[in-house]
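Chemist: Given chain A's structure and the hints, the job is docking chain X onto it.
Protein sequence lines, in the order shown, are assigned to chains A and X. As numbered in our numbering, residues 1 to 108 make up the first sequence, in order. As numbered in our numbering, residues 1 to 221 make up the second sequence, in order.
Everything labelled a hint here was simulated from the structure, so no lab data went into it. One should not assume that every hint holds.
If you want the footprint, here are the derived chain A segments under chain X, 3+ residues with CB under 8 Å [stated by the list, open to error]:
1) 45-55
2) 65-77
Straight-line alpha carbon distances no greater than 27 Å define the calculated DSSO-like cross-link-like pairs of lysine-lysine that follow [claimed, not checked]:
3) A:Lys34 with A:Lys59
4) A:Lys50 with A:Lys34
5) X:Lys2 with A:Lys59
6) A:Lys59 with A:Lys43
7) A:Lys83 with A:Lys50
8) A:Lys50 with X:Lys109
9) A:Lys64 with A:Lys43
10) X:Lys109 with A:Lys34
11) A:Lys43 with X:Lys2
12) A:Lys64 with A:Lys83
13) A:Lys64 with A:Lys50
14) A:Lys64 with X:Lys109
15) A:Lys34 with A:Lys64
Cβ pair distances, simulated, as ranges [as the list claims (entries may be wrong)]:
16) A:Lys83 with X:Val111: 54 to 60 Å
17) A:Glu80 with X:Glu160: 31 to 37 Å
18) A:His54 with X:Gly79: 32 to 38 Å
19) A:Met65 with X:Glu218: 46 to 52 Å
20) A:Gln62 with X:Ala70: 54 to 60 Å
21) A:Glu69 with X:Glu218: 36 to 42 Å
22) X:Pro67 with A:Asp76: 30 to 36 Å
Cβ coordinates follow ideal geometry from the N, Cα and C atoms, glycine included.
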Amino acid sequence: MPVLPADPVTREPEIVFETEDVGPMQARVFVTLKNGVLDPQGKAIEQALKGLGHDGVEKVRQGKMFEIELADMDADSARERLKMMCERLLANTVIENYRIEIGGQDAS
Amino acid sequence: MKAAVIVFPGSNCDRDVAVALHQASGTAPAMIWHGESALPDLDLVVLPGGFSYGDYLRVGAIAALSPIMAAVRAHAERGGAVFAVCNGFQMACEAGLLPGALMNNAAGKYVCRHVAMRVETADSPFTSGYASGQRVSIPVAHHDGNYFADDATLDRLEGEGLVAFRYDNDNPNGSRRDIAGILSANRRVLGMMPHPERAADPALGGMDGAALFTSMVETLS
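Bound conformation, chain A alone:
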């Protein structure tokens, strides 16, 4: 979709989407287990690292990371959408926390 230049007289700036200039919006979502929730996979990985001789490993917790490309939208809308995605599907907030990064900036 072509980007129409904002006319300072007739157009409100908030409806201007700088789509083709920016490209698709990149986001990363990190989902991790809450403190106190048992993580058998993290524990097994911790043991395996120690088995490799890494004595300095104190603790390993395994999590998930999602890379999401969003259609063009402003950062506030993207943040709201991503929060909804986390609450409904990407994380189970009974046992997991999530953190959202948009375009490299931390938006949690």
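Modeler: Same frame as chain A, but now just chain X:
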């Protein structure tokens, strides 16, 4: 009893539970594909065991968003009965029909064996054929049966008598307070990790699960 078993991609206990229901009620349940969006008038909906969607993301998480689940939720909200076994229990938690979540087994292993359990309450459409405190042996087969909920939720479940089954000094997965199965607040939704449909015919090596099906037929018909 008008019953339906919901079939998801990756369900593998849907026929077993249908056989157990058929034997108990004399009527075969309807088998309804998860992609349907409406349910007929039903006394009971069964969410069966299996590995829906290959357990992608989290066990039961994708199935909880299947098209049919809105109708299942509406059925439960009307006070309809839902029997959720194993992967079905995981879906029911993900869909918000029951509190808490099912996590990886504490030992990190898939467990497939008979476990000793106690029936904690006979006050439900699913357990009325047992005596409270009765000891039963029913098989489990899961990798993610480790029931987790916060202390306040567990206290509420116990306070309201909503723990249906507990492992009897034989916890196979590390579940909090040895919980094997829970009821919803209105006692019309049961989620449990063990498979009573695998202990409902003498040929299967046990009959301790059969009372669950006869209870449902008696109370829900």
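Chemist: Does each hint fit the structure? Answer for all of them.
Modeler: Cross-check of the supplied hints:
1. 45-55: As far as the region 45-55 of chain A goes, the hint is violated, because 0 residues have Cβ atoms under 8 Å from chain X.
2. 65-77: This one is violated; 0 residues, fewer than the three required, reach chain X with a Cβ under 8 Å.
3. A:Lys34 with A:Lys59: Judged against 27 Å, a Cα distance of about 14 Å means the pair holds.
4. A:Lys50 with A:Lys34: 23 Å, holds
5. X:Lys2 with A:Lys59: 52 Å, violated
6. A:Lys59 with A:Lys43: Roughly 8 Å between the alpha carbons, so the hint for Lys59 of chain A and Lys43 of chain A holds.
7. A:Lys83 with A:Lys50: 36 Å, violated
8. A:Lys50 with X:Lys109: This hinted pair holds, its Cα atoms lying about 20 Å apart.
9. A:Lys64 with A:Lys43: 16 Å, holds
10. X:Lys109 with A:Lys34: 21 Å, holds
11. A:Lys43 with X:Lys2: Violated. Lys43 of chain A to Lys2 of chain X sits at ~46 Å, over the 27 Å cutoff.
12. A:Lys64 with A:Lys83: Given that 27 Å is the threshold and the Cα spacing comes to 16 Å, the pair holds.
13. A:Lys64 with A:Lys50: 22 Å, holds
14. A:Lys64 with X:Lys109: 20 Å, holds
15. A:Lys34 with A:Lys64: Holds. Lys34 of chain A to Lys64 of chain A sits at ~13 Å (cutoff 27 Å).
16. A:Lys83 with X:Val111: 54 to 60 Å: 36 Å, violated
17. A:Glu80 with X:Glu160: 31 to 37 Å: Holds, since Glu80 of chain A and Glu160 of chain X (Cβ atoms, about 36 Å apart) stay within the stated range.
18. A:His54 with X:Gly79: 32 to 38 Å: 56 Å, violated
19. A:Met65 with X:Glu218: 46 to 52 Å: 50 Å Cβ-Cβ, so the 46 to 52 Å window holds.
20. A:Gln62 with X:Ala70: 54 to 60 Å: Since Gln62 of chain A and Ala70 of chain X have Cβ atoms about 32 Å apart, the given range 54 to 60 Å is violated.
21. A:Glu69 with X:Glu218: 36 to 42 Å: 54 Å, violated
22. X:Pro67 with A:Asp76: 30 to 36 Å: 31 Å, holds
The structure does not agree with the numbered hints 1, 2, 5, 7, 11, 16, 18, 20, 21 stated previously, though it agrees with the rest.
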